[in-house]
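*Asks:* The chain contents come next:
Number of protein chains: 2
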Amino acid sequence: HPTYPVARQPNGITLHTLWPDRLMVSPCCRYVSKAAAKTQMEFEYDGPSMKTEVPGPRSKELTKQLGEIQNVGAVHFFCNYEESRGNYLVDVDGNRMLDVYTQISSIPIGYPAEFPMFTSFSSQSAFVNRPALGIMPPENFPEKLAESLLSVAPSGMSRVQTMACGSCSNENAYKAMFIWYRNKERGHNIPSDEDMSSCMINQSPGCPDLSILSFMGGFHGRTMGCLATTHSKAIHKLDVPSFDWPIAPFPKLKYPLEEFTRENAQEEARCLEEVEDLIVQWRQKGRPVAGIVIEPIQAEGGDNHATPDFFKKLRNIARKHGSAFHVDEVQTGGGTTGKFWAHEHWGMDDPADIVSFSKKMLTGGFYHKDELQAYRIFNTWMGDPSKNLFLAEVLNVIRRENLLEEVTRSGKTLLQGLYQLQDQYPNLLSSARGQGTFCAIDIRDDATRNSIILKARDKGVLLGGCGDRSIRFRPALVFKEHHVHMFLNVFSDVLAEHN
Amino acid sequence: HPTYPVARQPNGITLHTLWPDRLMVSPCCRYVSKAAAKTQMEFEYDGPSMKTEVPGPRSKELTKQLGEIQNVGAVHFFCNYEESRGNYLVDVDGNRMLDVYTQISSIPIGYPAEFPMFTSFSSQSAFVNRPALGIMPPENFPEKLAESLLSVAPSGMSRVQTMACGSCSNENAYKAMFIWYRNKERGHNIPSDEDMSSCMINQSPGCPDLSILSFMGGFHGRTMGCLATTHSKAIHKLDVPSFDWPIAPFPKLKYPLEEFTRENAQEEARCLEEVEDLIVQWRQKGRPVAGIVIEPIQAEGGDNHATPDFFKKLRNIARKHGSAFHVDEVQTGGGTTGKFWAHEHWGMDDPADIVSFSKKMLTGGFYHKDELQAYRIFNTWMGDPSKNLFLAEVLNVIRRENLLEEVTRSGKTLLQGLYQLQDQYPNLLSSARGQGTFCAIDIRDDATRNSIILKARDKGVLLGGCGDRSIRFRPALVFKEHHVHMFLNVFSDVLAEHN
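As they're listed, the protein sequences go chains V and F. If you want my numbering, it's the 1-based position in the first sequence plus 453. If you want my numbering, it's the 1-based position in the second sequence plus 453.
It should be emphasised that the hints constitute simulated quantities derived from the structure, not laboratory data. Computed from a predicted structure; not experimentally measured. Some hints could be false.
You can't tell identical chains apart in this list, so a pair holds if it fits in one copy or across any two.
In the DSS-like style, the derived pairs of lysine-lysine whose C-alpha atoms are separated by at most 30 Å in a straight line are [to be verified]:
1. Lys822 / Lys504
2. Lys792 / Lys766
3. Lys822 / Lys517
4. Lys822 / Lys513
5. Lys504 / Lys865
6. Lys637 / Lys517
7. Lys686 / Lys637
8. Lys912 / Lys738
9. Lys705 / Lys773
10. Lys792 / Lys513
11. Lys773 / Lys517
12. Lys705 / Lys637
13. Lys773 / Lys822
14. Lys792 / Lys765
15. Lys517 / Lys912
Modelling step: build the complete structure from the supplied sequences, incorporating the hints.
*Replies:* In structure tokens form, the structure reads like this:
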């Protein structure tokens with residue numbers, strides 16, 4: 454049940470807003486004053502409410518239906534998005550769950566309840582008229598890019614290219630690095646006749662034997678270029694041809710990082726040394742490293758952290774060897790670590806040559822330095838400008854409601870809670886870690902981890918796993934301290950059952 | 454100026470509908486009767502109207518602005534999509550052009566004028582709540598798939614997987630073929646320990662040395678897997694590492710096909726022989742062909758046709774050698790050839806194992822046979838269910854207005870017109886060809902082709918090039934005979950200037 458009064462339309466639809474400074478516009482042009490809207494902005498359900506096991510009968514029925522159409526091996530349950538609000542996801546059986554996984558970390562400010570965008574005719578046009586952005590962009594495209602993506606551009610980057618999803622973002626970022634590297638090798642950007650003819654048949658020098666250095670445990674997507682740099686789980690890569698590209702070890706650190714500084718520094722030094730060795734080896738075997746790609750926190754691979762010192766040194770190694778440095782913020786970006794980009798925690802002036810994004814940014818794409826732009830980064834849609842309109846709204850909410858401060862505050866409470874539980878259940882839990890609300894904890898073993906996730910779901914809390922035996926916490930940016938406490942209470946109950 | 458009366462709102466917004474059977478709903482719940490809407494369904498501008506050169510001053514200003522943000526080497530001009538209607542694209546300088554290119558062939562039924570979808574709260578929810586479709590689909594997902602993609606599924610295919618764009622569709626289709634092929638080789642789908650460990654470091658047998666056979670002149674996208682099968686223009690492939698995969702010649706036929714049957718049959722036989730040779734060769738060098746990918750008409754590569762006989766024999770070769778057969782209908786699909794899928798012109802019972810789509814289908818994805826499904830075809834978004842809602846509406850319009858018949862009729866008129874012009878300008882034009890409105894003609898040389906496209910634009914007709922020196926015609930499905938005549942008049946004038 455709602456904790457605040459809500460406006461109810463004759464048709465039974467409930468309207469609220471997460472955009473407090475805007476007029477709330479109902480479908481029938483009934484304007485509600487700012488003050489009235491204000492009273493509703495905080496509306497949210499007051500807690501989980503479970504009606505059936507999950508998946509319930511309706512979800513099972515729909516899963517069976519969908520199974521006639523496509524593989525449903527990964528489907529958890531079906532959702533009622535109309536009834537979902539803020540931090541609560543409602544399923545088709547009426548179960549209302551506190552969402553600490555948010556569609557694989559892709560919902561920025563929770564499930565919104567009202568949609569100011571659709572009240573304007575010109576916004577609607579942006580949804581039905583999907584342009585070929587690279588040749589015929591809409592009039593407001595530069596302005597909307599400025600209001601959305603550019604307003605949160607990482608330090609040193611004033612250029613951005615949108616793409617439809619995370620994999621396409623990384624694929625195209627890799628291409629930009631290859632093109633940049635080859636132009637650097639040539640000393641100019643005019644290909645030879647041999648380049649032009651050999652590339653048509655997939656042969657070098659036109660299709661050069663260049664490589665991208667990636668890290669064991671990294672995840673950068675599942676299309677074939679990305680997949681050659683993904684090394685988180687075998688199942689992602691199995692049976693798909695790949696490239697002979699170098700793979701460096703990612704530091705395996707002890708947590709909390711600040712309590713193991715010496716051992717962690719040694720481990721990071723070992724990995725950095727290996728990176729340099731690999732760059733030299735691959736250059737020697739005729740497959741120079743055009744770029745290095747890394748996540749600020751390896752997410753899918755198990756929430757593996759490294760220190761700012763590691764990233765600074767890695768960035769210097771890239772510079773020293775003439776390789777581009779690509780920071781993949783598809784999962785870490787968008788505010789969840791308490792800074793808009795996780796790499797901002799490194800405190801560097803020149804942190805990267807390319808920063809890719811997707812998920813909570815609502816559109817895929819990548820920021821890049823001037824010299825990494827290329828005419829050849831192109832496809833029909835090149836993103837979807839309607840997503841930029843949403844993102845501009847989302848960023849306004851993040852700013853107006855100081856959500857990064859909220860994330861930092863909630864994140865501290867969450868991590869403290871995890872530390873306490875870890876002390877309480879030393880045989881069950883270890884390595885609590887996190888930045889902002891981007892937190893994780895290791896569980897005794899894979900089977901126990903999976904059982905805990907399912908039990909928590911039955912009690913109305915949605916969690917996700919990562920790595921071999923970790924649970925990752927990925928709430929929306931509107932996850933507040935009272936949500937943390939609600940989560941910790943349920944989690945504590947579930948742990949007690951597994952001790 | 455409009456040819457039919459239109460409803461004008463106080464705010465100056467003009468509302469029309471391309472959805473005649475629906476109530477027309479204005480933003481303020483003013484319901485207009487079906488009969489009233491009917492009088493407006495045919496509304497469209499009555500012809501091109503040019504105010505400035507293209508790009509005009511406003512487009513140039515915006516291109517400069519966008520140039521500060523991203524590469525604008527491919528930008529033609531900026532559009533006013535709110536004012537664009539039916540077959541007419543309006544730019545930001547007020548130029549109104551007959552659109553025979555339609556955003557690189559990606560607009561199915563022209564630029565709609567009214568959006569019934571947005572009047573329902575639950576549809577709006579589908580736009581702002583983007584689910585991770587593979588794990589938590591919305592309640593109406595199976596139903597909407599049935600109403601949209603499944604209702605036009607190619608013969609023999611009851612399964613479909615959505616994806617965000619054409620490249621991702623093909624990348625994932627290739628993965629499905631690789632996985633299927635490896636399971637077939639194993640005799641079961643349980644990977645060995647060696648498979649699991651070797652794939653983590655990009656090595657065989659886990660990442661097997663399998664290949665996809667593609668055709669010279671083909672275009673299948675620009676991500677790295679797709680790009681290894683794309684051979685239309687060097688600039689697409691240059692500087693990007695690739696795979697050692699076999700590339701067969703695509704028949705170079707003489708047009709009209711029916712006038713050169715013997716020569717064309719010989720050319721097709723030559724290409725088919727080469728296909729079989731390549732399959733054997735690649736098997737011998739340890740890179741078996743898991744799949745063959747081909748477009749029914751090579752579009753980007755120059756609108757190269759082949760006969761149904763060629764495709765029948767090719768499909769049999771695939772079957773004989775145990776390779777999957779993937780028909781890429783990203784550009785040819787969606788009704789533009791007069792049948793919903795171009796491969797339906799082949800008249801085969803079992804035309805393909807996989808059919809991929811995007812562009813006019815509004816969402817990417819691929820249909821596939823049961824045995825090509827895989828749990829491992831997965832990413833965060835896996836398409837965008839809001840696009841399925843649009844597609845369901847678009848398909849309703851196509852059916853209600855018999856647009857495939859319209860396309861067939863307009864296409865015949867268009868091709869006849871092109872034949873006449875070709876007779877009139879034998880030194881300028883050759884090889885007029887087409888299926889439905891999916892037509893093309895060759896121009897004397899590249900420079901003349903480009904000049905004709907620009908001159909036509911100045912006269913209010915938008916065209917696109919393809920191949921070395923072809924013009925491709927890609928109108929929307931609402932391109933009627935009077936549009937064909939309007940186009941032919943302008944084209945004729947432009948040709949006269951180039952003779």
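*Asks:* Each hint needs a verdict: does it hold in this structure or not?
*Replies:* Evaluation of the provided hints:
{"no.": "1", "hint": "Lys822 / Lys504", "in the structure": "neither (52 Å within a copy, 38 Å between copies)"}
{"no.": "2", "hint": "Lys792 / Lys766", "in the structure": "within (21 Å within a copy, 59 Å between copies)"}
{"no.": "3", "hint": "Lys822 / Lys517", "in the structure": "between (48 Å within a copy, 18 Å between copies)"}
{"no.": "4", "hint": "Lys822 / Lys513", "in the structure": "between (48 Å within a copy, 24 Å between copies)"}
{"no.": "5", "hint": "Lys504 / Lys865", "in the structure": "neither (32 Å within a copy, 60 Å between copies)"}
{"no.": "6", "hint": "Lys637 / Lys517", "in the structure": "between (54 Å within a copy, 26 Å between copies)"}
{"no.": "7", "hint": "Lys686 / Lys637", "in the structure": "between (35 Å within a copy, 23 Å between copies)"}
{"no.": "8", "hint": "Lys912 / Lys738", "in the structure": "neither (55 Å within a copy, 56 Å between copies)"}
{"no.": "9", "hint": "Lys705 / Lys773", "in the structure": "within (25 Å within a copy, 50 Å between copies)"}
{"no.": "10", "hint": "Lys792 / Lys513", "in the structure": "neither (40 Å within a copy, 37 Å between copies)"}
{"no.": "11", "hint": "Lys773 / Lys517", "in the structure": "neither (55 Å within a copy, 35 Å between copies)"}
{"no.": "12", "hint": "Lys705 / Lys637", "in the structure": "neither (35 Å within a copy, 38 Å between copies)"}
{"no.": "13", "hint": "Lys773 / Lys822", "in the structure": "within (17 Å within a copy, 50 Å between copies)"}
{"no.": "14", "hint": "Lys792 / Lys765", "in the structure": "within (18 Å within a copy, 58 Å between copies)"}
{"no.": "15", "hint": "Lys517 / Lys912", "in the structure": "within (24 Å within a copy, 55 Å between copies)"}
Hints 1, 5, 8, 10, 11, 12, counting from the list given before, are not met by this structure.
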